[in-house]
Amino acid sequence: MERVERNNMTVSMCSDICGKGAYDKYGLQYGYRCYCGNQTEILESNDRAEGQCNNPCKGAPKCGGNQVIAIYNYTSYIGCYSYTPNESIHVGGRVEFLTPTICREICHTYKFFGVTQGSKCYCRSVISNTPQRNDDECNELPCQGGPTCGGSGYIAIWDFVNRTPKDSGNISLVNTSTCLDILILFTF
Numbered sequence: 001m002e003r004v005e006r007n008n009m010t011v012s013m014c015s016d017i018c019g020k021g022a023y024d025k026y027g028l029q030y031g032y033r034c035y036c037g038n039q040t041e042i043l044e045s046n047d048r049a050e051g052q053c054n055n056p057c058k059g060a061p062k063c064g065g066n067q068v069i070a071i072y073n074y075t076s077y078i079g080c081y082s083y084t085p086n087e088s089i090h091v092g093g094r095v096e097f098l099t100p101t102i103c104r105e106i107c108h109t110y111k112f113f114g115v116t117q118g119s120k121c122y123c124r125s126v127i128s129n130t131p132q133r134n135d136d137e138c139n140e141l142p143c144q145g146g147p148t149c150g151g152s153g154y155i156a157i158w159d160f161v162n163r164t165p166k167d168s169g170n171i172s173l174v175n176t177s178t179c180l181d182i183l184i185l186f187t188f
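Under UniProt numbering, read the sequence shown as residues 1 to 188, first letter to last.
No wet-lab data here; the hints were simulated from the structure. Careful, some of the hints might be misleading.
[What the hints assert, rightly or not] Derived DSSO-like pairs: lysine-lysine, alpha-carbon spacing no greater than 30 Å straight-line:
1. K111 - K20
2. K111 - K25
3. K25 - K120
4. K20 - K120
[To be verified] Derived DEER-like restraints, expressed as beta-carbon distance ranges:
5. D136 - F97: 16 to 26 Å
6. S128 - N8: 14 to 24 Å
7. T130 - H108: 36 to 46 Å
8. T109 - R3: 19 to 29 Å
9. P131 - N8: 39 to 49 Å
10. T130 - N8: 26 to 36 Å
11. Y77 - M1: 46 to 56 Å
12. E2 - Y77: 30 to 40 Å
13. G153 - H108: 22 to 32 Å
14. G21 - Y77: 16 to 26 Å
Source: prediction; values computed, not measured. Each residue gets a CB set at the ideal place from its N, CA and C atoms; glycine is no exception.
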């Protein structure tokens with residue numbers, strides 16, 4: 001968990017700060033406080049009305065509020081797909097101790113990333129028309145670094161929220177936030 005305070009905080013500044021770490025989410029509170037965290041760190045929380053997260057900040061309509069935080073996601077899981085090892089796609093490579101988070105970091109300049117066969121990371125700007133499969137089929141093989149990483153003939157794919165292909169600039173996530181009660185959201 002990381003917390004940074006700046007008087008001139010913006011959503012993209014918070015995104016950049018948290019993007020340097022291996023965090024899944026970031027959030028703003030009071031219009032100047034940036035939190036970086038992972039989904040596993042988010043405890044049971046109470047959703048709040050979106051209007052409570054409207055403290056002004058530069059460049060964004062939602063920067064948290066009093067005892068509430070506007071939460072933004074970097075990535076979104078889109079599903080399990082059939083995978084052909086001979087497909088002509090950019091390969092992030094075989095990675096020792098692979099996790100989806102590590103693959104996300106490898107593929108940060110692409111629109112999509114995926115994990116398969118327990119140790120392979122793939123980066124793509126577009127997804128080919130392959131059939132979507134049941135998510136259970138992508139839980140067949142464990143990652144060397146922890147959670148499941150696809151299966152034999154199946155790839156688990158995520159996308160970078162609101163990123164266009166090969167966009168290496170800031171990720172604009174203003175329209176994808178969730179307003180949550182800060183009191184039970186983060187632990188230090």
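Status of the hints after comparison with the structure:
no.	hint	verdict
1	K111 - K20	holds, 18 Å
2	K111 - K25	holds, 17 Å
3	K25 - K120	holds, 24 Å
4	K20 - K120	holds, 22 Å
5	D136 - F97: 16 to 26 Å	holds, 24 Å
6	S128 - N8: 14 to 24 Å	violated, 43 Å
7	T130 - H108: 36 to 46 Å	violated, 23 Å
8	T109 - R3: 19 to 29 Å	holds, 27 Å
9	P131 - N8: 39 to 49 Å	holds, 48 Å
10	T130 - N8: 26 to 36 Å	violated, 45 Å
11	Y77 - M1: 46 to 56 Å	violated, 22 Å
12	E2 - Y77: 30 to 40 Å	violated, 23 Å
13	G153 - H108: 22 to 32 Å	holds, 27 Å
14	G21 - Y77: 16 to 26 Å	holds, 20 Å
Violation of the numbered hints given earlier is confined to hints 6, 7, 10, 11 and 12; the remaining hints are satisfied by the structure.
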